[in-house]
Each structure stands twice: as structure tokens, then as C-alpha cells.
Amino acid sequence: MQRSRNDVWVGLFVMVGMAAILFLALKSANLLSLSFQSDYKVTAKFDNIGGLKPKAAVKSAGVVVGRVESITFDDKTFQAKVTLALESRYAFPKDSSLKILTSGLLGEQYVGIEAGADEKVLVAGDSLSSTQSAVVLENLISQFLFNKAAEGGNAPAGNSTPASGKKK
Amino acid sequence: MSWYRPADVGFSARQTLAEWGHGARMLLHLFTLFGASFKRFRLVRDQVFFLGNHSLAIISVSGLFVGFVLGLQGYYSLQRYASSEAVGLLVALSLVRELGPVITALLFAGRAGTSLTAEIGLMKAGEQLSAMEMMAVDPVQRILAPRFWGGVIAMPLLAAVFSAVGILGGYVVAVLLIGIDSGAFWSQMQGGVDVWSDVGNGVIKSVVFGIAVTFIALLQGYEAQATPEGVSRATTRTVVVSSLSVLGLDFVLTVMMFSI
Chain A
0 MQRSRNDVWV GLFVMVGMAA ILFLALKSAN LLSLSFQSDY KVTAKFDNIG GLKPKAAVKS
60 AGVVVGRVES ITFDDKTFQA KVTLALESRY AFPKDSSLKI LTSGLLGEQY VGIEAGADEK
120 VLVAGDSLSS TQSAVVLENL ISQFLFNKAA EGGNAPAGNS TPASGKKK
Chain B
0 MSWYRPADVG FSARQTLAEW GHGARMLLHL FTLFGASFKR FRLVRDQVFF LGNHSLAIIS
60 VSGLFVGFVL GLQGYYSLQR YASSEAVGLL VALSLVRELG PVITALLFAG RAGTSLTAEI
120 GLMKAGEQLS AMEMMAVDPV QRILAPRFWG GVIAMPLLAA VFSAVGILGG YVVAVLLIGI
180 DSGAFWSQMQ GGVDVWSDVG NGVIKSVVFG IAVTFIALLQ GYEAQATPEG VSRATTRTVV
240 VSSLSVLGLD FVLTVMMFSI
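So the sequence lines, in the order shown, correspond to chains A and B. Take the first sequence: its position 81, counted from the start at 1, is 80 in numbering that gives the first Met the number 0, and no numbers get skipped. Take the second sequence: its position 158, counted from the start at 1, is 157 in numbering that gives the first Met the number 0, and no numbers get skipped.
There may be inaccurate statements among the hints.
Coverage of chain B stretches by chain A, computed from C-beta distances (three or more under 8 Å per stretch; other residues unrestricted) [stated by the list, open to error]:
| hint | segment |
| --- | --- |
| 1 | 46-54 |
| 2 | 179-189 |
| 3 | 193-202 |
These aren't lab readings, by the way, just hints derived from the structure by calculation. Glycine is no exception: its CB is placed at the ideal position from the N, C-alpha and C atoms.
Taking the hints into account, I'd like the entire structure generated from these sequences.
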């Protein structure tokens, strides 16, 4: 095949395009941070997972140690069954506890894992029993309003709640 | 042609169907010529040079300005919710998922599609295509297929360049001009952009748009009436039809990618 002057420019164009795809993958999507190392899966049951989604981070002390693998509903106990994929290089005690937390006020939800004191460590297939559900804003508000109503029972409910809210 | 005379309606329906069928067969033919085109890669390379390299300037400049504007407008609406750091995420997601492939395809239709149509239309008007057939050279294989595969190769690369340059443009506006923290800009972006579901879908979109735009341009040129007027009409139709089909396909693809 003949070589021509265009070869250089076509080659450069293809390289620029590839570099752009690489840039998008590495810099904007941060492909490198995705761990290609092995992980082990543990399950946990939550009463309420709130807005937790698959692929959400599992953090311990703020460091990402795994991902939420899948979320299913268990119709025997009426709980959410969450499968977590934890990175193999991290070991956690068997009695570690899980919490569903929110990053920021309205940010996305993640699973926080707090280490327990057990000497045995979690292995693949284990199930964690001590879990704390997500905080649901509506439940908090209704609890708050209920307490308010219980405190000032004499005023009519229609206008007292917003007024007392303003005074505070 | 009048809609109340059955003969006219039937004729136009038959004509439309024949055009569609012809187009579909042409597309299939082009796909089967994949191997043949790459055997003579010189032809494809020249088309990548013509369609890709020459479009690089307009694509990167438009990408830069789209990135600038996204940075500014994103900051304007995000700062109301005190989350102006997320402007990096907004710029990256809108470019990678949507604007990169779509605007590149629209520009590609205007910059490269029209020249393909005009070139092939004039070849047909000058009876060059018929002459090739006389010499037992298949014009689809010799003329259309290298252009088709050249366009299909060039388009995803151009879309990626557009998105990458746009993100850099957003960075310039958000970090250098407005003063958002550079670390927050990148980390928000990296936290929210997924390689497969965002970047990968964008690449799939740009490949589909590349196929659609190049194919429409080639078909319009090939089917053009062999007159100066016919070529000019075909060129206009290329822009109109390919822009509309890019936008339509974009909706369909987005719906499909959402549901998966």
C-alpha cells in the first residue's frame, strides 16, 4: 500500500479522538478508581432503605470500601435485602453495624459500615444483623409535628403550627 | 398528486415504499462492504481525512463555546441551590450524554454531509457513476462504501473531541473565571459520571448518528436528479432529513437507554 501525506494527519486525528475518549473515561468518569480487584459479598436486611440505589458507595470512616451490589425485597420479613460488595483488601469484624446515611443535606445516600469488636471477620455470604434504616424526612416531620401538637394542645391546630414555627 | 384520488394515493405510497426499500437495501449493501472497504484502506483513510480532519476545527471551536455557555448557565442555576460545585458534573453529563453526540451530528451533517451529497450528486450528473458501471466497477463499492465507513469512523471521534473540549471549556469558565474550587469541580464530575452508562451511551449514540448522517448524505446524493437543480435540492434535503433523524433517533435512543 502506498503511503501518503494524509497518513500523518489521519493518524493524528484518530489519536486526538482516542485521546478524547480516554480523557472522558479517565478524567470525567474516573475509570481508574473503579476497582478491578476482587470483592466479597455480604448481605444485610434493612427495614427501610430510603433512596439507596445499587452502585451506591459503602463507606467506612468516610473512605469508600465497597459498593451496593443489588437491592431486593424479601416478602417473608417485609424487609429490603441489600447485597454489598466489599473490597477484599478490607476486613471487617463479624458484628459490624450498617447505617444508611446521606451525604450533605439532600445528597445521595450511601451505606456506612461501623466496625464492631468481634475477632472473627466477615467472609463472603455472611449476613449482617445490626442495621439502621434510612432517615425518612416525612417521618421526622410528622414526629416533630406530633410532638408540637402534644405540647400546645389548647390552640387550634390550623394556624398554631406555622405561627409557632415562625416565632422560633 | 391529490389525496382524494385512489390512483394518486396508491402511486405515492408505492413510490415511498420503493424509496424506503431502496434505501434499506443500500444500507445493507454498505454494511456488507465493510471488509471490502478495509481491504483498500487507502480510500477509507482519505475519507476520514476529508470528513474528520477538516471538521476538527469547527467541532472543537463549537465544543469550546458550548462548554463555556454550559459552565455559565449551569453556575447561574446551580448557585441558587448553593451547589455551584456541581457545575462540573452538569457540564460533563450534559455534554457526554446528550449535547456532544447531537450537536456534533448536526454540525457533521452541515459540514461533511452536504459535501458528500454534492460530490456524489455531481458525479452522477456528470455520468461518472454510469461510466464506472460500464467498466464493471461497482460505484457503491468504489465510491460510496469508503465514504460511508470514513464517516462512521470519524463521527464518534469528533463527538468525543467535542465533549472533551467542552468539558475543558466548562473548566475554564467555572474554575478560572468564576472561581469554583478546581478539586470540587473534578471530584463532583468523577463521582457522578459513569464510564459505561454515561460515556459508553454517548459513544453508542455518536456511532448511530454517524451511520445515520453519512448514510442519508450518500443516499441523497446517489438518488439525486442528475441536474444542477436536483443536486442543490438533494443537498438541502440532506441537511433537513439528517438533522431531523438525528433528533428523532436521539429521543428513541435516550428512551431505550433510560429503560435499560
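Cut-off 8 Å, C-beta pairs, minimum 3 residues; does the coverage of the segment 193-202 of chain B by chain A stand? holds (count 6)
Within the assertion that chain A covers the segment 46-54 of chain B, do at least three residues meet a Cβ-to-Cβ distance smaller than 8 Å? holds (count 4)
Okay, the segment 179-189 of chain B and chain A, do three or more residues pass the C-beta test at under 8 Å? holds (count 3)
No hint from the list above goes unmet by this structure.
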